[in-house]
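Protein chains: 4
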Amino acid sequence: MLFEKMRQKPFFILGPCVMENQELLYQVAEKVAEAGERYQVPVIFKSSFDKANRTSIHSYRGPGIEKGMEMLQNVKDRFGLPVTTDIHEPGQAAIAAQVVDILQIPAFLCRQTDLLVAAAQTGKIVNVKKAQFLSGHDMFYPAQKVIEAGNDQVILTERGNMYGYNNLAVDFRNIYDMKAFGHPVCMDCTHSVQRPGGAGGKTGGDRTFVPMMALAAKAFGADGYFMEIHPDPDNALSDGPNMVKLHDLDKVMAPLLS
Amino acid sequence: MLFEKMRQKPFFILGPCVMENQELLYQVAEKVAEAGERYQVPVIFKSSFDKANRTSIHSYRGPGIEKGMEMLQNVKDRFGLPVTTDIHEPGQAAIAAQVVDILQIPAFLCRQTDLLVAAAQTGKIVNVKKAQFLSGHDMFYPAQKVIEAGNDQVILTERGNMYGYNNLAVDFRNIYDMKAFGHPVCMDCTHSVQRPGGAGGKTGGDRTFVPMMALAAKAFGADGYFMEIHPDPDNALSDGPNMVKLHDLDKVMAPLLS
Amino acid sequence: MLFEKMRQKPFFILGPCVMENQELLYQVAEKVAEAGERYQVPVIFKSSFDKANRTSIHSYRGPGIEKGMEMLQNVKDRFGLPVTTDIHEPGQAAIAAQVVDILQIPAFLCRQTDLLVAAAQTGKIVNVKKAQFLSGHDMFYPAQKVIEAGNDQVILTERGNMYGYNNLAVDFRNIYDMKAFGHPVCMDCTHSVQRPGGAGGKTGGDRTFVPMMALAAKAFGADGYFMEIHPDPDNALSDGPNMVKLHDLDKVMAPLLS
Amino acid sequence: MLFEKMRQKPFFILGPCVMENQELLYQVAEKVAEAGERYQVPVIFKSSFDKANRTSIHSYRGPGIEKGMEMLQNVKDRFGLPVTTDIHEPGQAAIAAQVVDILQIPAFLCRQTDLLVAAAQTGKIVNVKKAQFLSGHDMFYPAQKVIEAGNDQVILTERGNMYGYNNLAVDFRNIYDMKAFGHPVCMDCTHSVQRPGGAGGKTGGDRTFVPMMALAAKAFGADGYFMEIHPDPDNALSDGPNMVKLHDLDKVMAPLLS
Numbered sequence: 001m002l003f004e005k006m007r008q009k010p011f012f013i014l015g016p017c018v019m020e021n022q023e024l025l026y027q028v029a030e031k032v033a034e035a036g037e038r039y040q041v042p043v044i045f046k047s048s049f050d051k052a053n054r055t056s057i058h059s060y061r062g063p064g065i066e067k068g069m070e071m072l073q074n075v076k077d078r079f080g081l082p083v084t085t086d087i088h089e090p091g092q093a094a095i096a097a098q099v100v101d102i103l104q105i106p107a108f109l110c111r112q113t114d115l116l117v118a119a120a121q122t123g124k125i126v127n128v129k130k131a132q133f134l135s136g137h138d139m140f141y142p143a144q145k146v147i148e149a150g151n152d153q154v155i156l157t158e159r160g161n162m163y164g165y166n167n168l169a170v171d172f173r174n175i176y177d178m179k180a181f182g183h184p185v186c187m188d189c190t191h192s193v194q195r196p197g198g199a200g201g202k203t204g205g206d207r208t209f210v211p212m213m214a215l216a217a218k219a220f221g222a223d224g225y226f227m228e229i230h231p232d233p234d235n236a237l238s239d240g241p242n243m244v245k246l247h248d249l250d251k252v253m254a255p256l257l258s
Numbered sequence: 001m002l003f004e005k006m007r008q009k010p011f012f013i014l015g016p017c018v019m020e021n022q023e024l025l026y027q028v029a030e031k032v033a034e035a036g037e038r039y040q041v042p043v044i045f046k047s048s049f050d051k052a053n054r055t056s057i058h059s060y061r062g063p064g065i066e067k068g069m070e071m072l073q074n075v076k077d078r079f080g081l082p083v084t085t086d087i088h089e090p091g092q093a094a095i096a097a098q099v100v101d102i103l104q105i106p107a108f109l110c111r112q113t114d115l116l117v118a119a120a121q122t123g124k125i126v127n128v129k130k131a132q133f134l135s136g137h138d139m140f141y142p143a144q145k146v147i148e149a150g151n152d153q154v155i156l157t158e159r160g161n162m163y164g165y166n167n168l169a170v171d172f173r174n175i176y177d178m179k180a181f182g183h184p185v186c187m188d189c190t191h192s193v194q195r196p197g198g199a200g201g202k203t204g205g206d207r208t209f210v211p212m213m214a215l216a217a218k219a220f221g222a223d224g225y226f227m228e229i230h231p232d233p234d235n236a237l238s239d240g241p242n243m244v245k246l247h248d249l250d251k252v253m254a255p256l257l258s
Numbered sequence: 001m002l003f004e005k006m007r008q009k010p011f012f013i014l015g016p017c018v019m020e021n022q023e024l025l026y027q028v029a030e031k032v033a034e035a036g037e038r039y040q041v042p043v044i045f046k047s048s049f050d051k052a053n054r055t056s057i058h059s060y061r062g063p064g065i066e067k068g069m070e071m072l073q074n075v076k077d078r079f080g081l082p083v084t085t086d087i088h089e090p091g092q093a094a095i096a097a098q099v100v101d102i103l104q105i106p107a108f109l110c111r112q113t114d115l116l117v118a119a120a121q122t123g124k125i126v127n128v129k130k131a132q133f134l135s136g137h138d139m140f141y142p143a144q145k146v147i148e149a150g151n152d153q154v155i156l157t158e159r160g161n162m163y164g165y166n167n168l169a170v171d172f173r174n175i176y177d178m179k180a181f182g183h184p185v186c187m188d189c190t191h192s193v194q195r196p197g198g199a200g201g202k203t204g205g206d207r208t209f210v211p212m213m214a215l216a217a218k219a220f221g222a223d224g225y226f227m228e229i230h231p232d233p234d235n236a237l238s239d240g241p242n243m244v245k246l247h248d249l250d251k252v253m254a255p256l257l258s
Numbered sequence: 001m002l003f004e005k006m007r008q009k010p011f012f013i014l015g016p017c018v019m020e021n022q023e024l025l026y027q028v029a030e031k032v033a034e035a036g037e038r039y040q041v042p043v044i045f046k047s048s049f050d051k052a053n054r055t056s057i058h059s060y061r062g063p064g065i066e067k068g069m070e071m072l073q074n075v076k077d078r079f080g081l082p083v084t085t086d087i088h089e090p091g092q093a094a095i096a097a098q099v100v101d102i103l104q105i106p107a108f109l110c111r112q113t114d115l116l117v118a119a120a121q122t123g124k125i126v127n128v129k130k131a132q133f134l135s136g137h138d139m140f141y142p143a144q145k146v147i148e149a150g151n152d153q154v155i156l157t158e159r160g161n162m163y164g165y166n167n168l169a170v171d172f173r174n175i176y177d178m179k180a181f182g183h184p185v186c187m188d189c190t191h192s193v194q195r196p197g198g199a200g201g202k203t204g205g206d207r208t209f210v211p212m213m214a215l216a217a218k219a220f221g222a223d224g225y226f227m228e229i230h231p232d233p234d235n236a237l238s239d240g241p242n243m244v245k246l247h248d249l250d251k252v253m254a255p256l257l258s
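Chains A, B, C and D, in that order, give the protein sequences.
For the first sequence, full-length UniProt numbering gives the first residue as 1, with consecutive numbering after it.
For the second sequence, full-length UniProt numbering gives the first residue as 1, with consecutive numbering after it.
For the third sequence, full-length UniProt numbering gives the first residue as 1, with consecutive numbering after it.
For the fourth sequence, full-length UniProt numbering gives the first residue as 1, with consecutive numbering after it.
Bear in mind the hints are in silico, worked out from the structure with no lab data behind them.
Errors might be hidden in some of the hints.
It does not matter which identical chain is meant; a pair holds if it fits inside one copy or across any two.
Quick list of in silico lysine to any residue cross-link-like pairs, SDA-like style, CA-CA up to 20 Å [claimed, not checked]:
(1) K179 to P10
(2) K31 to G240
(3) K9 to Y39
(4) K51 to E70
(5) K51 to A149
(6) K51 to Q144
(7) K76 to E148
(8) K51 to F140
(9) K76 to V117
(10) K31 to A180
(11) K245 to Q22
(12) K51 to P90
(13) K76 to Q27
(14) K51 to G91
(15) K67 to D114
(16) K76 to Y26
(17) K9 to L249
Working from the sequences, and respecting the hints, build out all of it.
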């Protein structure tokens, strides 16, 4: 049903990069729920319980899956929002699926067969992020792994391709090419503006480009938008340079819906 | 004055890739002039007198500079349109400048100092195409060569970057970065969808993406749009796969002006 | 002690891509052991128990970890060779470490903190393959994750970077840059000649380049070489186009040791 | 005859990037001639009369074609060396051909049909540098333009491909691919280590990699080597960071000839 709604209207996957604490999730989720109401579009709350592949071993990773799922359940209970999170090992699929409506497969892991199959078998929507090293055409195969595991609720997400070292470029033709498979295609406006490893042991980026990335994706036919938002990105524990400020959410969403 | 108009409203550089014959130029220019009237935006007629770097030595090159300038002058006389063409050697600058309003510097040649200086010294507007191997930031230097030669009527044009072999990807952030220099930035929607050398001895491409490229460029702040148009692109003598069909011009222009 | 030997002489990691059956492993291991004797260099037998990220879900994956470790133990017992295999989840590290001398971290997974830490904690040598999307400089961080987990027996392996879609190019400067960290650097001559996804649902490649890749790596200071070998690559169950023919092993090794 | 010699033994194209003054040319040419004697291989003296596409308009360009050809003739007269230089416009071909044995076509210009044809028609050997945006396979067409203009004395030179912004990577497979056309293939060990525009308004680089690039090219079948050399590269007027020190010439040549 959520999947059907996501096919009918532009959808938005929104939330802070990592679950810093319960209060942050409430604060952001409230605004997300309001935006869904205001624009009458599907909104899904997103946050990660574990940043499993940060550049440095010293970076903050998150509360872990158990505590994290509890925090997401609280968000669901309080705001009635559908929620999503990313998983990193096959064993996490069933656990996360007890709470989330959409399981997100990280870009680096989008060819890991066991992870895709485990996610598919939960029956939840599976959102596969396109790896930084694949074309839109190549995403036929990861999607097919989910489908052949018995689940046709697949979303594909664009997030840019490596362009030389420590830089990503978005080849928007990939959105068009992925749409040809028939799955909804989402634009990750946050991670596509990263400068991976470009800030000396952590990943940099530039949130200035987020609204432009979203509009360009719209031009190429994107069905939905993924954006990380935070009340105070410059003090966020992960991906700060790329996250949209919470009070700018309207400014970013409105032009996409006109 | 043309330059000032190009700063105030979205401008369009339009025409067939190469000057196949006078009738073709008239046929296209008529529609270009009409579009300029209808939308009340600056339109500039473009066509090349010489395709100087085609993949194969056997491909059609054009009528040459003398005949070509005559043909462009005829277009000017008949439709009152400003015109532009690309030059390939310093010696061509003054000759072309007797007719054209804008001199276009090809992407491959955008670092050739003598060509830039010769173009600058004509006093005409100089439209420097960003090389397929340069970033937006790098275009500071070619622009500066024009300015230091005494001409500050500079336009910079995005046309994509090499992405692996025989493929281009457009990193739209370059439009934003070039705008920071203060010059109008144009999006070449035709050549950015090329597949260079991707069709066995000639360059392929896909015109499907042209309107999307234009809208995405708008999202990143482009001031104008370059598009090659032709009544029958599939039988054109150059760049057919990338050219917009003449009768689709409205469909492409309208969304950019809403 | 193996690690010390690998620091003193050029080492070779050799074997068939995937454990097709026990006989194949014996057949290849015999030649590997002989080569080690003949050239008096460290040789390590490699084969995978699971191809966990093949392009298509229908491709052969291997015997699994339990059966696979048994097969590797048999090779060890019969030929006295050190052995290595690649792992894909943290939980596999301790199991594989009961048999192998070197744990190999796949390129796509080289930033997965838990996998690196689990491998490190076994006390075995950890061979981290450089991701197709990282520079040599960037490999400081994955190596550091192993070291900070208490294990300084780290090998770094070059295997090329994405160059456009469905193509890899080797930037050999990365070997030089990784050597600056003080760890032995290995050249994967097999996977660096892949054409990922370039053969319609499976990965293509060209074994012609394998000996050249090895010699070029030597020029840039590589300490060791990884090559997949097979008696009949054209009928192999994985990576056939890139594997060296078993009877060509000498032809490839000799020039590297002269 | 020179061309035949270049087919039989590894050849070396050597000299300072730009003709700073006559004394510099004599100083370098003397060492080049000695090296040719010592190793009994074809050596060709190279220097540019005009750096026509420098990043900044303020950089030193050279003495110009007239003065430059005089300086090259003096080198020829004094040391009996064959000489080469690069040309940038069709009109320069015949002038330079009065002195040089090989006309070099710059990489950015390697698709400019008129330049290739003008060079071909001089009857001199034409050395076409592979553009930073072309594959080895793509170089079939530029070579063919020379041949169809009546000259089959073609050399193709590898010099790396753009890898992201402000960086080049050498895909050595291109050497192998170009050799398939039957022309001698040369490795430009100097410009392949450039960091174009990577040093703020000028091009940086790293001469450390020059000898490694040459050895790797040998592994892939290169027939000759292009290296810029200078007695005091750090004070050179162009390409200093990439040039080999004159007194290191032996150290670089010897391993290539063993």
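Hint by hint, work out which the structure violates, then give me just those numbers in ascending order. 7, 9 and 10
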